[in-house]
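Visitor: Position one of the sequence shown corresponds to residue 49 (this note's numbering), numbered consecutively onward.
To be clear, the hints were calculated from the coordinates, so they are not data collected in a lab. Keep in mind that a hint or two might mislead.
[Claimed, not checked] Straight-line alpha carbon distances no greater than 25 Å define the calculated DSS-like cross-link-like pairs of lysine-lysine that follow:
| id | residue 1 | residue 2 |
| --- | --- | --- |
| 1 | 165 | 65 |
| 2 | 195 | 161 |
| 3 | 65 | 53 |
| 4 | 205 | 195 |
| 5 | 65 | 162 |
| 6 | 162 | 68 |
| 7 | 195 | 165 |
| 8 | 195 | 214 |
[What the hints assert, rightly or not] Pairwise CB distance ranges (calculated):
| id | residue 1 | residue 2 | range |
| --- | --- | --- | --- |
| 9 | 195 | 65 | 34 to 44 Å |
| 10 | 201 | 168 | 24 to 34 Å |
| 11 | 113 | 51 | 16 to 26 Å |
| 12 | 66 | 168 | 17 to 27 Å |
C-beta: ideal position from N, C-alpha, C; glycine also.
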Amino acid sequence: MHDFKINIQIQTRYQNKELKNLLRQIALTTLSNFFQIQRDTLSIDIIISNDTLLHNLNQEFMGEDSPTDVLAFPAKSSKSDPSYSVNSQIQLLSPDNNHIYLGEVYLSYPQAKKQAKQHHHSLDHEITTLIVHGILHILGFDHTNIKENFEMEQATKFLLNQIINKG
Numbered sequence: 049m050h051d052f053k054i055n056i057q058i059q060t061r062y063q064n065k066e067l068k069n070l071l072r073q074i075a076l077t078t079l080s081n082f083f084q085i086q087r088d089t090l091s092i093d094i095i096i097s098n099d100t101l102l103h104n105l106n107q108e109f110m111g112e113d114s115p116t117d118v119l120a121f122p123a124k125s126s127k128s129d130p131s132y133s134v135n136s137q138i139q140l141l142s143p144d145n146n147h148i149y150l151g152e153v154y155l156s157y158p159q160a161k162k163q164a165k166q167h168h169h170s171l172d173h174e175i176t177t178l179i180v181h182g183i184l185h186i187l188g189f190d191h192t193n194i195k196e197n198f199e200m201e202q203a204t205k206f207l208l209n210q211i212i213n214k215g
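Could you put together the complete structure from these sequences and hints?
Guide: This is the structure:
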């Protein structure tokens, strides 16, 4: 079984124990569905911040001059290496190197709050959806065409069902 290291950073104004626990549960449930029998330590960073940071990151890395809800930065980009997959990266580890850093997920708390209202569901549900979405991007999922979009939607629905039923 994997040992998951979930690093969570929450901007002070949004900090609370329930949010931190929710983020940990989301990450553990999502990652454990993709990595079941390994000896490696997998780590991921989840950063909860404001619109300003997400706007700046969105502009710098995505070329979009606007705030966004969630951004994911895989440790190794699939765009630079078409053969990339997290599983292939794990299999190539040497026996003495048993730690894999997967990447970072950034979430805008204000955007999540606004979208929760727009979608008429709880803030926890919106945060769960967005963090799952970000982690799936880190794991190589995308939505640039109909097939990819369908696969990502199916994975998201499956994971949301698991997370909500655990909670």
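Visitor: Going through the numbered hints above, which ones does this structure break? Give me the numbers in ascending order.
Guide: Going through the list in order, the structure violates hints 2, 7, 8, 10, 11 and respects the others.
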